[in-house]
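Chemist: Protein sequences appear in the order of chains X and Y. If you count the first sequence from 1, position 325 lands on 325 in UniProt numbering, and the numbers rise without skipping. If you count the second sequence from 1, position 166 lands on 166 in UniProt numbering, and the numbers rise without skipping.
Hints in this document: simulated from the structure, not taken from any laboratory. There may be inaccurate statements among the hints.
[As the list claims (entries may be wrong)] Output of the computed footprint for chain Y on chain X, the stretches with three or more beta carbons under 8 Å from beta carbons of chain Y:
| hint | region |
| --- | --- |
| 1 | 190-204 |
| 2 | 240-247 |
| 3 | 271-280 |
[As the list claims (entries may be wrong)] What follows is a set of in silico ranges between Cβ atoms, one per label pair, in the way DEER data are often shown:
| hint | chain 1 | residue 1 | chain 2 | residue 2 | range |
| --- | --- | --- | --- | --- | --- |
| 4 | X | Arg-199 | Y | Val-25 | 36 to 42 Å |
| 5 | Y | Lys-307 | X | Ser-43 | 42 to 48 Å |
| 6 | Y | Leu-85 | X | Met-60 | 57 to 63 Å |
[Claimed, not checked] Calculated pairs, DSS-like style, for lysine-lysine (alpha carbon to alpha carbon, straight line, at most 25 Å):
| hint | chain 1 | residue 1 | chain 2 | residue 2 |
| --- | --- | --- | --- | --- |
| 7 | Y | Lys-267 | X | Lys-204 |
| 8 | Y | Lys-203 | X | Lys-334 |
| 9 | Y | Lys-296 | X | Lys-204 |
| 10 | X | Lys-138 | X | Lys-123 |
| 11 | X | Lys-268 | Y | Lys-203 |
| 12 | Y | Lys-267 | X | Lys-203 |
| 13 | Y | Lys-203 | Y | Lys-91 |
| 14 | Y | Lys-201 | X | Lys-268 |
Note that the Cβ used here is the ideal one computed from N, Cα and C, for glycine as well.
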Amino acid sequence: MERLLEVKDLEVSFRTYAGEIKAVRGVSFHVDRGETVAIVGESGCGKTVTVQTIMRLIPMPPGFIKNGSIIFDGKDIAKLSEKEMEHVRGSEMSMVFQDPMTSLNPTMRVGAQIAESLIKHQKMPPKQARERAIEMLKLVGIPNAEKRVDQYPHEFSGGMRQRAMIAIALACSPKLLIADEPTTALDVTIQAQILDLMRDLQKKLNTSIIIITHNLGVVANLAERVLVMYAGKIIERGSLDEIFYNPRHPYTWGLLMSVPTSELDKSKRLASIDGTPPDLFAPPVGCAFAARCEYAMKICYERYPEDFTVGDGHRVACWLMHPMAPEVKPPVGKGVTLS
Amino acid sequence: MTVAGIPLIEVNNLKKYFNVGRGAVLKAVDNVSLHIMEGETLGLVGESGCGKTTMGRTIIRLYEPTSGQVLFEGKNVHKLDGQQLREFNRKAQMIFQDPYASLNPRMTVGDIIGEGIDIHGIYKNKERTDRIYELLGVVGLNKEHANRFPHEFSGGQRQRIGIARALAVEPKFIVCDEPISALDVSIQAQVINLLMELQQKLKLTYLFIAHDLSMVKYVSDRIAVMYLGVVVELATSEDLHNRPLHPYTQALLSAIPVPDPETERKKKRILLEGDVPSPINPPEGCRFAKRCRYAKPVCTEQQPEFKEVEKNHFVACHLY
Ligand SMILES: Nc1ncnc2c1ncn2[C@@H]1O[C@H](COP(=O)(O)OP(=O)(O)OP(=O)(O)O)[C@@H](O)[C@H]1O
Ligand SMILES: Nc1ncnc2c1ncn2[C@@H]1O[C@H](COP(=O)(O)OP(=O)(O)O)[C@@H](O)[C@H]1O
Ligand code: SF4
Ligand code: SF4
Ligand SMILES: [Mg+2]
Ligand SMILES: [Mg+2]
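Turn these sequences into a full structure, and let the hints guide you.
Modeler: In structure tokens, the structure reads:
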């Protein structure tokens with residue numbers, strides 16, 4: 001498969017009164033054409049900052065890129081002028097946010113918002129852009145598209161707004177769609193429609209997708225590859241099945257075990273990850289998860305575990321993978337029943 | 001299972017309508033009857049705006065009903081006064097969805113928890129302080145936290161403070177309104193474990209409102225499914241998941257993505273067309289008819305009766 005995006009050693013920080021927040025601390029990954037990659041991890045671990053840096057949407061200052069490179073479709077994102085970047089954002093990569101109301105323009109008709117980037121970046125004549133806007137609304141399953149195209153966002157329901165956002169994001173047939181918690185605010189039946197829609201569009205247009213979500217069900221439904229982030233780093237990565245059926249990092253175990261499975265009944269407790277993530281002002285030198293990890297060893301506090309490769313594309317940043325480390329049986333995964 | 005036993009709460013033909021201007025009536029809860037057993041967790045699920053919170057609020061008397069009644073320990077909740085009303089206000093508590101908005105930012109955690117103790121005059125002075133420390137311990141915080149303010153805490157910790165506040169007055173019944181939906185997955189598990197533990201220890205009865213059905217299944221003994229102000233199905237947690245009868249419940253269950261790639265690949269989803277219709281002037285007949293793939297002429301003419309079609313399994317649908 002062909003590379004679309006290559007992120008290398010990315011470090012992003014924010015300067016605040018209290019000091020430097022190291023939000024992203026050396027992240028490398030790639031996305032191929034037509035591929036769906038999920039990023040999971042708890043709130044504040046750096047998911048949004050990572051993708052916003054790719055889109056160059058980080059407010060600078062206070063934000064700044066300390067290190068690393070982002071190559072998108074052969075272009076070095078850092079070297080583009082703001083004007084060139086605007087073009088990339090309008091036509092080659094686009095983003096769907098968690099809350100459609102904050103990113104749709106409330107004073108502008110929905111159709112005009114879809115047509116805007118077509119007129120600006122693809123120099124499409126306004127009349128044709130309007131036709132295309134109607135087409136896009138139909139594509140994302142909005143009934144009465146001819147009428148809806150002239151309505152304002154507040155006249156749409158939550159689910160329709162989210163679909164309108166996707167219509168805007170996809171109008172220019174971007175090569176990369178970044179969806180940050182696209183369904184968190186939606187009801188399950190609408191969520192199912194949106195997930196179906198994204199999968200459909202991807203098949204039709206060969207779009208690559210990065211999806212950020214807390215919801216492991218959504219990951220299992222949509223993703224082909226998963227990146228697990230913790231305190232600004234990717235601590236485990238692999239194919240969807242490797243991550244769910246053969247997870248190797250204690251944090252990934254914790255995440256997978258904290259959702260109830262259908263066999264689990266009330267007499268058994270859910271697993272939970274006690275404690276809180278480390279302070280990103282002064283992240284630990286060793287493994288950032290050590291303070292919450294029941295398997296932590298002396299070395300975990302002293303040195304960061306570089307990635308160990310445990311399978312095809314499956315990499316884990318954990319000292320338990322070291323050949324000298326004691327054998328630990330994963331408490332979750334294929335053939336493991338929770339108790 | 002606690003399906004046998006005595007009901008703590010009986011809801012009979014409960015209606016709660018809101019006047020929304022220009023003669024329009026919003027039927028948030030429309031003729032709901034159910035009961036909640038002592039020590040039981042009744043789960044309440046449905047899409048946003050279907051009336052879950054309104055039902056919870058009406059049950060604990062934060063709203064007057066439009067008609068119908070709620071009985072708590074056999075007495076009509078909305079007719080209580082004097083000492084009996086004070087008792088009820090103590091015994092029935094609520095935990096809110098948003099741990100950020102529901103705590104007064106200007107009060108210390110100790111005073112937030114102590115407020116109910118003061119109102120009901122349960123403890124004074126040293127006893128009061130001891131009780132606050134004890135409650136902080138119960139929810140996994142410690143006494144140093146008593147002098148701090150809510151903004152110093154994380155979402156999960158704030159939800160614990162909300163739980164401690166509800167427990168302070170020694171309630172019997174708690175409406176948990178989406179108590180975990182604002183929290184991270186790993187923290188959700190902590191709060192749920194705490195709620196389950198407390199239920200065991202203190203013999204609490206819960207009405208557990210949520211839209212995450214896998215979590216509702218885990219915590220609930222029985223589950224009620226709501227659609228546009230109406231309870232369309234009510235069954236034990238197991239039955240509802242293994243044999244959902246109402247077409248809406250079937251669609252709802254199939255729509256939930258489960259954290260298992262193989263199941264997701266195999267799953268046949270029932271995709272519902274369109275959005276949830278407005279509860280303002282809702283359709284005659286079955287409220288789900290517009291989105292239902294089994295709808296027949298009678299469905300748009302006559303509202304299906306809510307009836308027991310199998311033992312302890314109630315459904316409102318003309319197919320049964
Ligand atoms: N503009 C900013 N100024 C200062 N700090 C910031 C800024 N934006 C993000 N951060 C910090 O960077 C870290 C990572 O934030 P990010 O928004 O990427 O988390 P996330 O994984 O997306 O979490 P969530 O799931 O809550 O959205 C956090 O500690 C956050 O507080
Ligand atoms: N005080 C109120 N005035 C008018 N409408 C209300 C009021 N409270 C709730 N509603 C409406 O009642 C319906 C049910 O609301 P609610 O019970 O909060 O839904 P849920 O909790 O299931 O999301 C919604 O359409 C809501 O907008
Ligand atoms: S490196 Fe050590 S502390 Fe970190 S997850 Fe692995 S065992 Fe736990
Ligand atoms: S009553 Fe009719 S429309 Fe309603 S759910 Fe049953 S079959 Fe469908
Ligand atoms: Mg985020
Ligand atoms: Mg609600």
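Chemist: For every hint, state whether the structure bears it out.
Modeler: Structure-based check of all given hints:
By the rule of at least three residues with a Cβ nearer than 8 Å to a Cβ of chain Y, the coverage given for the region 190-204 of chain X holds, with 6 such residues. A stretch counts as covered by a chain when three or more of its residues have a beta carbon under 8 Å from one of that chain; for the region 240-247 of chain X and chain Y the count is 4, and the coverage holds. Coverage of a stretch by a chain is defined here by at least three residues with a beta carbon nearer than 8 Å to that chain's beta carbons; for the region 271-280 of chain X and chain Y the count is 5, and the condition holds. In this structure the hint that X/Arg-199 and Y/Val-25 lie 36 to 42 Å apart at CB holds, the actual value being about 40 Å.
Against the hinted window of 42 to 48 Å, the Cβ-Cβ separation of Y/Lys-307 and X/Ser-43 comes to about 45 Å, which satisfies the hint. A hinted range of 57 to 63 Å for the beta carbons of Y/Leu-85 and X/Met-60 is consistent with their spacing of about 58 Å. A threshold of 25 Å between alpha carbons decides the hint, and for Y/Lys-267 with X/Lys-204 the separation of about 22 Å falls inside it, so the pair holds. Among the hinted pairs, Y/Lys-203 with X/Lys-334 is inconsistent with the structure: their alpha-carbon atoms are about 37 Å apart, more than 25 Å.
The straight-line distance between the Cα atoms of Y/Lys-296 and X/Lys-204 is roughly 36 Å, outside the 25 Å bound, and the hint therefore fails. With a CA separation close to 22 Å, the supplied pair X/Lys-138 and X/Lys-123 stays within the 25 Å bound. A hinted pair counts as satisfied when its Cα atoms are at most 25 Å apart, and X/Lys-268 with Y/Lys-203 qualifies at roughly 17 Å. Between Y/Lys-267 and X/Lys-203, the direct Cα distance comes to roughly 19 Å. Compliance with the 25 Å bound is thereby established for this hinted pair.
For a cut-off of 25 Å, the pair hint linking Y/Lys-203 to Y/Lys-91 stands: about 12 Å separates their Cα positions. Taking the CA atoms of Y/Lys-201 and X/Lys-268, the gap is near 15 Å; set against the 25 Å cutoff, the hint holds.
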